[in-house]
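All chains, please: the whole structure from these sequences, using the hints.
For reference, the chains in residue letters:
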Amino acid sequence: NAGVTQTPKFRVLKTGQSMTLLCAQDMNHEYMYWYRQDPGMGLRLIHYSVGEGTTAKGEVPDGYNVSRLKKQNFLLGLESAAPSQTSVYFCASASSSYNEQFFGPGTRLTVL
Amino acid sequence: RKEVEQDPGPFNVPEGATVAFNCTYSNSASQSFFWYRQDCRKEPKLLMSVYSSGNEDGRFTAQLNRASQYISLLIRDSKLSDSATYLCVVNRRTGGGNKLTFGTGTQLKVEL
Chain Z
54 NAGVTQTPKF RVLKTGQSMT LLCAQDMNHE YMYWYRQDPG MGLRLIHYSV
104 GEGTTAKGEV PDGYNVSRLK KQNFLLGLES AAPSQTSVYF CASASSSYNE
154 QFFGPGTRLT VL
Chain P
6 RKEVEQDPGP FNVPEGATVA FNCTYSNSAS QSFFWYRQDC RKEPKLLMSV
56 YSSGNEDGRF TAQLNRASQY ISLLIRDSKL SDSATYLCVV NRRTGGGNKL
106 TFGTGTQLKV EL
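So the protein sequences, as listed, match chains Z and P. By the count of my numbering, the first sequence reaches residue 165 at its end, each step adding exactly one. By the count of my numbering, the second sequence reaches residue 117 at its end, each step adding exactly one.
Hints should not be assumed to be uniformly reliable.
[Said to hold, decoys possible] Heads up, simulated DSS-like pairs for lysine-lysine below, C-alpha to C-alpha not over 25 Å straight-line: (1) Z:K124 to Z:K62; (2) P:K84 to P:K50; (3) Z:K110 to P:K84; (4) Z:K62 to P:K47; (5) P:K7 to Z:K124; (6) P:K7 to Z:K110; (7) Z:K110 to Z:K123.
[To be verified] Residues of chain Z clear of chain P, computed beta-carbon distances all greater than 12 Å: (8) T60; (9) V65; (10) L66; (11) S71; (12) M72; (13) L96; (14) K123; (15) S137; (16) T139; (17) L165.
No wet-lab data here; the hints were simulated from the structure. Bear in mind the structure is a predicted one, so any value in this text is a computation, not a measurement. All residues carry an ideal CB built from backbone N, CA and C; glycine is no exception.
Below, the structure is given as structure tokens:
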């Protein structure tokens with residue numbers, strides 16, 4: 054099993070460009086999450102999903118959109134990238150909200 | 006006040022030493038607790054859950070003090086491979102489901 058995978062691993066964008074980050078999991082987990090990690094801030098929840106076709110806002114949702122059209126995939130979109138969105142983005146999945154979250158390897162995004 | 010607070014460190018200890026980290030949480034409704042480990046430029050991985058009665062996994066011991074709202078992690082006989090950042094994670098029920106809050110992490114460096 055690959056676990057949780059993320060693509061791309063690295064990306065550099067110019068301000069105003071758009072992009073989509075893809076997260077895929079092969080563990081049949083219902084719950085999926087997108088976090089960003091910044092120095093001194095810890096992991097902060099952007100959006101999450103409790104099942105296929107559902108999404109909800111987390112702590113820092115502004116400037117991001119998500120979709121969960123298939124159970125195994127959770128997409129994070131940036132419609133108009135800003136330098137403040139420079140960060141490391143982690144996707145995670147879990148079988149329930151009480152259980153361990155399994156993280157992907159992360160995407161390092163730089164917005165110039 | 007942050008919901009989860011940790012001393013960022015770094016804790017520099019010699020190989021074989023015993024080291025302890027504390028983490029405090031502000032919300033008394035918090036229900037479950039975890040320690041995650043994050044290696045440099047890698048994703049977080051679950052180290053251990055923290056149970057009310059305390060629990061041990063090899064050289065690692067976790068304790069929970071609900072009255073004082075803190076959890077601790079004790080590492081005995083430190084190894085070079087224990088060098089990492091240790092994230093304190095707190096789970097509590099909210100109107101929208103369960104919410105995991107991550108601390109910013111405590112950095113451990115084990116030296117020869």
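Structure-based check of all given hints:
no. : hint             : result
1   : Z:K124 to Z:K62  : holds (22 Å)
2   : P:K84 to P:K50   : holds (18 Å)
3   : Z:K110 to P:K84  : violated (40 Å)
4   : Z:K62 to P:K47   : holds (11 Å)
5   : P:K7 to Z:K124   : violated (33 Å)
6   : P:K7 to Z:K110   : holds (20 Å)
7   : Z:K110 to Z:K123 : holds (18 Å)
8   : T60              : holds (14 Å)
9   : V65              : holds (17 Å)
10  : L66              : holds (20 Å)
11  : S71              : holds (25 Å)
12  : M72              : holds (20 Å)
13  : L96              : violated (4 Å)
14  : K123             : holds (21 Å)
15  : S137             : holds (19 Å)
16  : T139             : holds (15 Å)
17  : L165             : holds (21 Å)
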